[in-house]
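Enquirer: Each chain is listed here by its residues.
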Amino acid sequence: MKAVGARLPRYDGLAHVTGRTQYVDDVRVHGTLWTKALRSPHHSAAIRSIDTSKAEAIHGVHAVVTAKDVPHNVYGHLEALGVPADEPLLAADDVRWKGQPIAAVAAESEEIAQAAVEAIEIELEEREPILDIRTAPATGDEHFHQWGAIYPHFGPHNHRRVRKGDIDRAFDDADLIVEGVYRPQAIEHCPLETQVSLVVPEPSGRLTIYSCTQAMYFSMGVVAAHLQWPLNKLKFVGGTVGGGFGGKVDTATETICALLAIKARRPVKWRFTREEEFLCSSTRAPWHIEIRDAVTNDGWILGRRTLTIHDSGAYARFSPYGLTKHAFHHTGAYTIPNLRFDGFVVFTNRVPTTAMRGFGVTSVSLAVELHMARVADLLGMNPLELRLKNANRIGDTTGNRVVMHDPSTVPVTLAAADAAGLDLAAEYRSMTQARRTGDLLPEHLVAQQAPDGEDLATYRGANGGGR
Amino acid sequence: MAKQRGRGFATIEYPTGMNQNGDPSQAWIKLKPDGRVDVFAGTVDIGQGSKTVHTQIVADALGVPYDWVTMDNSNTDSSAVCTGTFASRGTFIGGNAVRYAAEKTRERILDIASKELEISADDLEIVDGEVLAKGAPDRKISIPDVAGAATYVYGELISGNGTALKPLAEVDDDDGSVTVEPHSAISYAACVIDVEVDDETGEVTVLKMLQVYDVGRAINPTLVEGQIEGGAMMGLGLGLLEECYPYYPSVDHRGEQFGSYLAPSLEDLPELENVILENPSIDGPFGAKAIGEMANNAQPPAIAAAIHDAVGVWVTQMPATPERVLRALQAKREPRREGKRVIYDEDISVAGLNADGGAVFWGVDG
Chain A
1 MKAVGARLPR
11 YDGLAHVTGR
21 TQYVDDVRVH
31 GTLWTKALRS
41 PHHSAAIRSI
51 DTSKAEAIHG
61 VHAVVTAKDV
71 PHNVYGHLEA
81 LGVPADEPLL
91 AADDVRWKGQ
101 PIAAVAAESE
111 EIAQAAVEAI
121 EIELEEREPI
131 LDIRTAPATG
141 DEHFHQWGAI
151 YPHFGPHNHR
161 RVRKGDIDRA
171 FDDADLIVEG
181 VYRPQAIEHC
191 PLETQVSLVV
201 PEPSGRLTIY
211 SCTQAMYFSM
221 GVVAAHLQWP
231 LNKLKFVGGT
241 VGGGFGGKVD
251 TATETICALL
261 AIKARRPVKW
271 RFTREEEFLC
281 SSTRAPWHIE
291 IRDAVTNDGW
301 ILGRRTLTIH
311 DSGAYARFSP
321 YGLTKHAFHH
331 TGAYTIPNLR
341 FDGFVVFTNR
351 VPTTAMRGFG
361 VTSVSLAVEL
371 HMARVADLLG
381 MNPLELRLKN
391 ANRIGDTTGN
401 RVVMHDPSTV
411 PVTLAAADAA
421 GLDLAAEYRS
431 MTQARRTGDL
441 LPEHLVAQQA
451 PDGEDLATYR
461 GANGGGR
Chain B
468 MAKQRGRGFA
478 TIEYPTGMNQ
488 NGDPSQAWIK
498 LKPDGRVDVF
508 AGTVDIGQGS
518 KTVHTQIVAD
528 ALGVPYDWVT
538 MDNSNTDSSA
548 VCTGTFASRG
558 TFIGGNAVRY
568 AAEKTRERIL
578 DIASKELEIS
588 ADDLEIVDGE
598 VLAKGAPDRK
608 ISIPDVAGAA
618 TYVYGELISG
628 NGTALKPLAE
638 VDDDDGSVTV
648 EPHSAISYAA
658 CVIDVEVDDE
668 TGEVTVLKML
678 QVYDVGRAIN
688 PTLVEGQIEG
698 GAMMGLGLGL
708 LEECYPYYPS
718 VDHRGEQFGS
728 YLAPSLEDLP
738 ELENVILENP
748 SIDGPFGAKA
758 IGEMANNAQP
768 PAIAAAIHDA
778 VGVWVTQMPA
788 TPERVLRALQ
798 AKREPRREGK
808 RVIYDEDISV
818 AGLNADGGAV
828 FWGVDG
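In order, the protein sequences belong to chains A and B.
All letters in the first sequence, in the order written, are residues 1 to 467 by the working numbering.
All letters in the second sequence, in the order written, are residues 468 to 833 by the working numbering.
Hints were generated in silico from the structure; no laboratory data involved.
Backbone N, C-alpha and C define an ideal beta-carbon position, used for all residues, glycine too.
Warning: the hint list may mix true and false statements.
For the chain B half of the interface with chain A, some residues (derived, Cβ under 7 Å), not all of them [claimed, not checked]:
hint, residue
1, THR519
2, GLN724
3, ASP735
4, ASP750
5, ILE810
When the alpha-carbon atoms are kept at most 25 Å apart in a straight line, the in silico DMTMM-like pairs for lysine to aspartate or glutamate are as follows [as the list claims (entries may be wrong)]:
hint, chain 1, residue 1, chain 2, residue 2
6, A, LYS235, B, ASP534
7, B, LYS675, A, GLU111
8, A, LYS2, B, GLU570
9, B, LYS499, B, ASP534
10, B, LYS497, A, GLU142
11, A, LYS2, B, ASP501
12, A, LYS233, B, ASP501
13, A, LYS54, A, ASP132
Chain B extracted, bound-state conformation:
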């Protein structure tokens, strides 16, 4: 009887945007007469910081200071369509919508600046809130002056709108093939998790999570780390603690409040080490890929593999509660071998539970 240490790994991938696409995000931007920037987008901020990320994207796409930009995502009268904040689509698809809107707004700024400076728009650039002649930066006009001229001299509203939409990918129901890539960029991650397993109580403690995420481009590294660390704790809950139906498929003993449902808390927090790789995507805003959802996917299998490394048993029904770990230790079940087949978990399989061997599921034609 002792505490045993083990290490487990996982490498995962995750797509950006709704599966099969067809999920638009739209945005529009207008300039105030002093050049300050109003962004309207329907991207709901569910706590991950998408308002901040959108604002950063607009600031750089326009070439203005970050604190000139205000974002309004408060209602459906002023914002255009956003399919929603899910499917890891906020930074990438919502971010592309505001980027496209900013690029169009930038063209309008350059049009007005071109008239004021009497220089072709093609020969102008925007740097830190000023429109400069390329190669002759002393010939310039500030964006506040451009916006003032647009409003009071030319009688124009500087604005722009953008839509990010990848066309719907039809699926061949016979073989699952698609004719259009059914998602945007794929993100990847790997993790190494160290655990300690008490082989007397079955209790598992996560000691350290080392996590590597390829996010394409970290628009805001602090918020990326927030996703990684928050996701890690959610993954720890999936691996060790949380369960709506403790004796699934039974519906008995459901927890109905935090006191009777084990969500992870700070006492469960292990040592965390985060590594962010930036392998830019070809089509995300500034090369970004998604980070939101995948952040709770790698930990449960890595924890389960680490338990095996520590005490030699496979727990494949989540979460790996002390009860499940102890029962696995008591059973010490070996896989059944039949020719070259190595069959694990037969007792919980559809073949093991149905007299016909699970023919309804395994026996489909074609």
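Chain A extracted, bound-state conformation:
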């Protein structure tokens, strides 16, 4: 019997539904201490002083850590992709979002840990929070982030750009220019299992880290970088996660637990409360997308100008990555030969935003598809026919000059029309994803097309639009 294609039952399904799967919170190690964090009560504030001595004196408290206990406090998770570090593991000079961790305590119980957190003396100087990405740059020099309001590290630019074809000519040639604004929202990942880890110091000097991470090697790299330890001193145990949706790409608890475990020389566990999960763990990013499409009365999209602003929250985290992915997919499932895209990552005083299911592209799908619906409505055109007309075809090139080999815009759209019993004109009903010819290859789509048989993954010559 072939396994591939078979409706085999889940490998781990029986254990999941009978409650016998061991998640991180089910691991019991004798002598485990519990963690609580001192978090910023303000959206934005300067830290004037921190004194942990009263907390440390409480009976049952085994370790307190602040920024000065972290060997490498400011580490960027995407330094390898050219995103410099900006975020401290524990806040040192200022706090930039309500809930940002400043100090952490390991104690015999959660109650003692919480009492110790409340005994930490801290002086904060509250600042006015900056929250609207559309107007944040106007706040100028007073902006709270060391790089200013706008993330500045897309090579020489402060924005991610795509340039293709002749955008001005496309707008000159258009019959209509359709402009709209789309604002997908922040949501919480809502895993049933909140962020949790348990770090056990072993007699060998290693740390065993029970983790709910979605990415064991990635998180191991993060912990190793903060501790400045080699990988052979760490062992991540995980692989079974009670819901992630992107939120557990963040290494939320593991590093702080490791620091506390090293200092206390005891196993240390940190399990976020549901309130921490909602208020202090990262969210999906809110986006602001403005699209201006140059369209013809017969339904061709000649060109697109896009402005995207990504709400990064207080630090960069994965936002520059998400914006670049967004830029690469800003034409959706369609071929548009003339493009000008400018995307910005803007800092605000909210919880740093992070990866979530569809990162960078969920926002594109909303903006592009709702805009397509508007264009079809304005032109009085069947919305499926508008999509089929402008669909990706074999041999078309993307904004990045990637040659498309097997685009399925046409097959999935036709299958949806079939299943819903919708009428389409015969010319659309008979469409395929085959290379453009004849009426489907009007002058404005000729130059973007890769040569027939082009087998390179990308085609640098495809910078062509115009009409």
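Use these hints to put chain B onto chain A, whose structure you have.
Expert: Positioned in the frame of chain A, the structure of chain B alone reads:
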């Protein structure tokens, strides 16, 4: 005042793997002396069933029964590098890693079988746990016997490892062009959503979601349907319910528990119809493409378009709560026309909010 029905569409695409690539997954496989198969990979199962899918891929790539295969993804000492379960990379990139490892393990099985049968490895094939001479299937040896011979006669461990890695795609910061395809296969989907809008309360009910996904090859159709249906509900939450900041960009009124944050639940479940298309990819395991993330992308715009179809207003700030629908119905805002420009949503645009027309954003050179 009445309940109005409307229909909306969306067609979407989604890439496989980390944007710009450079994200390895590695795996290794060893055989026990009775021919049973141990797979070690770091692919975290976040509930979608990647352990099951990996096991299915290994079973067929080796040619052994599914229940001979055990997968261990439990720790970083025994598993090699996996960049992680995100970017819709589990089945495709993690799956390719275990497939490559299985192909190398298969070669080692054939080497030993070749010695035992005294037939060239090129003339052997593996079917259902047995190594057979091509064209002469009565000349055969079982994989348990191959593994036993390897262990106790030849003194060898049958094993294999594999790495799936597409090279990093550098981006030209001036024009966004790349020299290497910056992702693996692209998946596509389309959906048709029917809604009912109460024009008195602003409440929107999704009646039916018809969804079509091209997944290349459904390694496990039941798990693919799980992704489609779970994603559909998450998309419904994005379209109608969920919001960390109800008055964004304000940070006030944040929900701090499930009782004060509207996540979709079973009472919101509409009629679902799933269509799976299989247009195989050239480089995924058994032709697979990704399905994970894209499954919550098509619904929000299709819901918003359906609301327009029902009551004639565009809600472009998500989610389309009763308050937003009612405010749109009250405002009945028409786009401003200026020459051939048709300008919607001017009140929420950067041009509308900045005295300089948003020059910081719209006015960049080049």
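Enquirer: Would you mind marking each hint as holding or not holding in the structure?
Expert: Results of checking the hints against the structure:
1. With a cut of 7 Å, the hint placing B/THR519 at the interface with chain A holds, because the nearest CB-to-CB distance is about 4 Å.
2. The closest approach between the C-beta of B/GLN724 and any C-beta of chain A is roughly 5 Å, which is under the 7 Å cut-off, so the hint is satisfied.
3. Given the 7 Å rule on beta carbons, the hint for B/ASP735 is violated: about 14 Å separates it from the nearest Cβ of chain A.
4. Annotation: interface hint on B/ASP750 violated; nearest CB of chain A at approximately 10 Å, more than 7 Å.
5. Restraint check, B/ILE810 versus chain A: the minimum CB separation of about 5 Å is within 7 Å; hint holds.
6. At most 25 Å may separate the alpha-carbon atoms for a hinted pair to count; A/LYS235 and B/ASP534 exceed this at roughly 29 Å.
7. About 48 Å separates the Cα atoms of B/LYS675 and A/GLU111, which puts this hinted pair outside 25 Å; it is violated.
8. The hinted pair formed by A/LYS2 and B/GLU570 meets the criterion: a straight-line CA distance of about 16 Å does not exceed 25 Å.
9. A threshold of 25 Å between alpha carbons decides the hint, and for B/LYS499 with B/ASP534 the separation of about 14 Å falls inside it, so the pair holds.
10. At roughly 60 Å between alpha-carbon atoms, B/LYS497 and A/GLU142 are farther apart than 25 Å, so this suggested pair is violated.
11. Restraint check for A/LYS2 and B/ASP501: the C-alpha separation of about 21 Å stays at or below 25 Å, so the hint holds.
12. The suggested pairing of A/LYS233 with B/ASP501 is violated, with an alpha-carbon distance near 34 Å, which exceeds 25 Å.
13. For the hint pairing A/LYS54 with A/ASP132, the CA-to-CA distance comes to about 39 Å; that exceeds 25 Å, so the pair is violated.
The structure is inconsistent with the numbered hints 3, 4, 6, 7, 10, 12 and 13, although it conforms to all the rest.
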